[in-house]
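Student: Given the sequences, and given the hints that come with them, work out the whole structure.
The listed protein sequences derive, respectively, from chains A and B.
If you read the first sequence in my numbering, its first letter stands for residue 140, the second for the next number, and so on.
If you read the second sequence in my numbering, its first letter stands for residue 5, the second for the next number, and so on.
Hint data in this document are derived by calculation from the structure and do not stem from the laboratory.
Possibly wrong hints are sitting among the right ones.
Computed from the model, here is a short list of chain B residues facing chain A with C-beta under 7 angstroms [unchecked claim]: (1) Asp565; (2) Pro585; (3) Thr718; (4) Ala721; (5) Ile722; (6) Gly723; (7) Lys725; (8) Val726; (9) Asp728; (10) Pro801; (11) Val802; (12) Ile803.
One-sided and incomplete, this derived list gives chain B residues near chain A with beta-carbon spacing under 8 angstroms [said to hold, decoys possible]: (13) Met711; (14) Arg713; (15) Glu715; (16) Tyr799.
The C-beta atom is built at its ideal place from N, Cα and C for all residues, glycine as well.
So the chains spell out like this:
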Amino acid sequence: MKEIIKLTGISKKFETEFMETHALDSLDLTIYEGDYVSISGPSGCGKSTLLSIIGLLDSPTEGSYILDGEDVTTLSVNREAEFRNKNIGFIFQSFNLIDDMSVHDNVALPLRYSSEELTEQQVSEKVQHYLSLVGLEHRAMHKPNQLSGGQQQRVAIARALVNSPSILLVDEPTGNLDSKSGDTIMKLLDELNKNGSTICMVTHDTTYARYAKTQLHLLDGKIVEQNAEPERQLEVAV
Amino acid sequence: MKFLLTRAWHNAMKSSSFLAVVVTTLGFSLSALLCVLTLAYLILVEPLPYPDQEKLYRVDHHLTNHEGKSEINAFTYPGLVDFYKNQTEFSLGAMVTYGKDVLTSLPEQPTLNTGYVTPEWFQLLGTSLALGRGFTEEEGLESFIPQAVLTHKTWMDVYGGDSEILDKTVSFSGVNFKVIGVLPETFVEPEIYEVGRQVDIWLPWDYNLSSGMHFLWGNINPMLMYVGRLAESDQGVKAIERSVSMYINDTWQEKNAHVEYYNGWSIDARLTPLADVVTGDVGSIIYLLIIGAVGLLIIACANITNVFISRTANNGQNLAISASLGAKPRDIFRQYFIEYGIIIGFSITFALLLSYFGFVLIQNHLADILPRAGELQINFTTIVCALLLAVLLTSIFALFSVKMINYGALKTMLQSSGKGRGVQVSKGVRTQLMFLQVAVVSILIFANISLFKNAMEVMNKPTGFEYQDTKYLILSISAPEFPMPHEIIPVMDELKSELLALPEVKDVSQSASPLSGFRILATTLAGESTRYTPQNKWVGDNYFSFIGQELIDGRTFSDVDIRDRNSVVVINEQFARELAPEGSAVGTKFDYGNNDIHTVIGVVKGVAIPGESDIPIRSYRPAPESFTSLMVKFNPGQDVSKEKVAEVLSEIDKLYAVFYFDPLESIVAKRLFAQTMTTVVTAFLACLLFVLAGVGLYGVLSYNLHMRRAEIGTRMAIGAKVSDILKMILKNTFSVAGFGMGFAVLVVIFAYLNVPGDIAEFLGGDMVLDLFITLLVISVLTFIACYLPLRAMVYKPVISNLQDNQ
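Tutor: Right, dumping it as structure tokens:
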């Protein structure tokens, strides 16, 4: 199976005038195409930091990072942006939709930043396709604040998918949702994985963590436990 | 309380750049207001520093002609002396007059401002002397005892603080005066003749320069004054005025009864409080200055408010924690009040320091315009104003910060999705703030650029004559009796020869300087009634070639014209154009009255006097050979001192002294003082506005960006490049700034179309270019104010922008 993510010896230190915090400590992790990985752990264990590094939202203090076969450890700001645009789809806890843009425009946003030149019609077709995938094609012209929390998260998922990324990074996707909406979202993610999407999800909810084929448990910046089904192509090293 | 103070101090010191911006911005604007408020209090409220100052009055002597028209406010010499001797309404009164004379007892022969007084003058002002004594009663009117009292400044500057100065001799106009006293440094002279004119040496009344008028009941002199302290009386000032008027008028009528010309004329005496005489009519200037300084402070406060908004918004998390721990709105206000109090305390201290320099500047440069400028200093009024302003501003800023906090939302902010709605200013308000900021600053910067350019144009306007390496020399004659012309001519001829013999001197012209005042000389065309009032100057035969004033038609004066005082005149092209629009004006004859006919022999190009916008019609007539003013031109880079000229003069005739000997360039500089000041002030204001606008725009824009931080983080997370974000933010910013600039352009055009002619003309000069420069400056400023906070945001890890929202 193709390696999508390969982290080797990743450390992340946060320094202030008075103290130094090790958020991640020589962590190795490989995620293959089609995986569905959940990362959980207590607050401050480094799971969000790990997700930020995987998503090129932050850079490690040490270690190397191969994304889709390319070393992305030391990329320029613009090259990082291109990588995020092309290879990574983000789903945030608080949805991060832009309030004064319609649902359609929110979903289309990654396409606008893409180096691929698309006509307006092509953009609309893609947006409609992914909105129908999350069941919101009839809400395209609505503003995010006209939707429920669950619907907003589905819009965020459509936006994350619109550029067909190599991996979906999901950060506490149900944190701001009621249980019913949370279940819907988790089912949708499960569906996406079954259809071939690679997913890496941070959650502190053990129930939802079980949706993943592989569950990692982080403590003090290290992976201390893994629970992978034998047929999954996941390698974890501590 | 100690905790609050420590916390506030820590917060205030946390960001040195924030502190520097607030202290600098408020410091400059507050110092301007403190200077103006101190000046206003001094001029409008504070009593004069003299005993019973409310009883001190100047007697004004208004002459009204036979048609009932007020002619002039000036005493006749004998009328004043008669009033001084016989008045009964004042318990103490002094005669005062002024002059300027050459101190011939010193080798450098400085020209000093002289004051001539009767002995009561120093008693009226309650002056105790630093050295010696003042004039006594025995040394009063008609005693002719030549004694002098030096001001402290003269004692220090001219005599180097000589402790043996008493009994030494000072000589003026051939009279030797014995120094009997030195005034203290604290002595404040009431400037009752001219604002900014300070006497250097006080001499007895008997030696005043107008004493030749002592028998002339028909001649007046505005420099002759009476100041007195009203005697205790049940009568009001109006009744005393009537009584004084009656006495002065009756005396004058009796003395002039034989002069037919004065039939129907009358004198109306008015008593003007000394305080009003000293402060004059500057009330409107003071109010304008207050409005200007308050306006500047308001702009500064608007900008600072933007910075405080940004700071409060950034502080949202801490506020939320405080609220969740039980801090009430009152506690948050107190916290801000103390923190802002510390910051504004620094600003006020800086402002007081700047005010000190402001007072020095006012005393050095505006003493001729603003009365009592010499008394300006940081005093109780300044301190009280500073404290009141500090409390007011601290309260306003603290209230504004607390007002933008939604306390209800603040308490739940920590538990919510954390969108920071507890502390924010609505998008609409932010947009309005930015619009106003750009519009107001654009208008002000445009006005400054226009004023600056206008002043520069006046300063750089070609004069049409040469004044470099040239000095203007005026002589005074220190003789009790003024010599006859035939006695002066040989002295002047010898002086010219001696000066020309000096190796430094290139040429000499026995003429008035092109920069000295012209005299209006009414004339008519001979045989016609057409009346002209050209400005006239008396000049020598080489005047025009000396200053490089070009001859256009005819000829200039010959030495024969000067020697024989021929009835010829040279006019400027402006006058010639009026006289003969098509042909030549040479040969035109003027009648100066009593059949005094002069013929135009030449036309010269008009010269522009620096500081004047138009060239009026002018005529030039031959100066007499006894004319005691000369221009001396030096070889390039060379010069002759006043002492050297005085020495040359003294060798020719000891009665002659150098009254004035200064470069024409310094006269030009004085004439252009207003433009120079305008240039400096507008340049300073433009810089200040630029800084204020930068601070304000930075505050609003960084706050805007702060509010959009999560959005920017999201966009970057899904692939937006730095250039994409920059384009988006600049587009948003300039769409608002563009409206602000557009509004400013409309205001300027409206002003151009609707204000009175003079201002419209001033605006119209290069309005398009000025507007273009203004808009360019504002655009660059907006770009910088936008780019700096954005740069800090987009080059940080993307996650740091998203974290606020997580």
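Student: Now look at each hint and say whether the structure bears it out.
Tutor: Hint-by-hint comparison with the structure:
1. Asp565: violated, 85 angstroms
2. Pro585: At about 70 angstroms, which exceeds the 7 angstroms cut-off, the nearest Cβ of chain A leaves the hint on Pro585 (chain B) violated.
3. Thr718: Nearest chain A Cβ about 4 angstroms off; hint holds.
4. Ala721: holds, 5 angstroms
5. Ile722: holds, 5 angstroms
6. Gly723: With a minimum Cβ separation of about 2 angstroms from chain A (threshold 7 angstroms), the hint on Gly723 (chain B) holds.
7. Lys725: holds, 5 angstroms
8. Val726: For Val726 (chain B), the interface hint holds, since the closest Cβ of chain A sits about 6 angstroms away, which is under 7 angstroms.
9. Asp728: OK, holds: Asp728 (chain B) within 7 angstroms of chain A, min 6 angstroms.
10. Pro801: holds, 4 angstroms
11. Val802: holds, 4 angstroms
12. Ile803: For Ile803 (chain B), the interface hint holds, since the closest Cβ of chain A sits about 4 angstroms away, which is under 7 angstroms.
13. Met711: Met711 (chain B) check fails; min Cβ-Cβ to chain A is 11 angstroms, beyond 8 angstroms.
14. Arg713: For Arg713 (chain B), the interface hint is violated, since the closest Cβ of chain A sits about 11 angstroms away, which is over 8 angstroms.
15. Glu715: Nearest chain A Cβ about 5 angstroms off; hint holds.
16. Tyr799: holds, 7 angstroms
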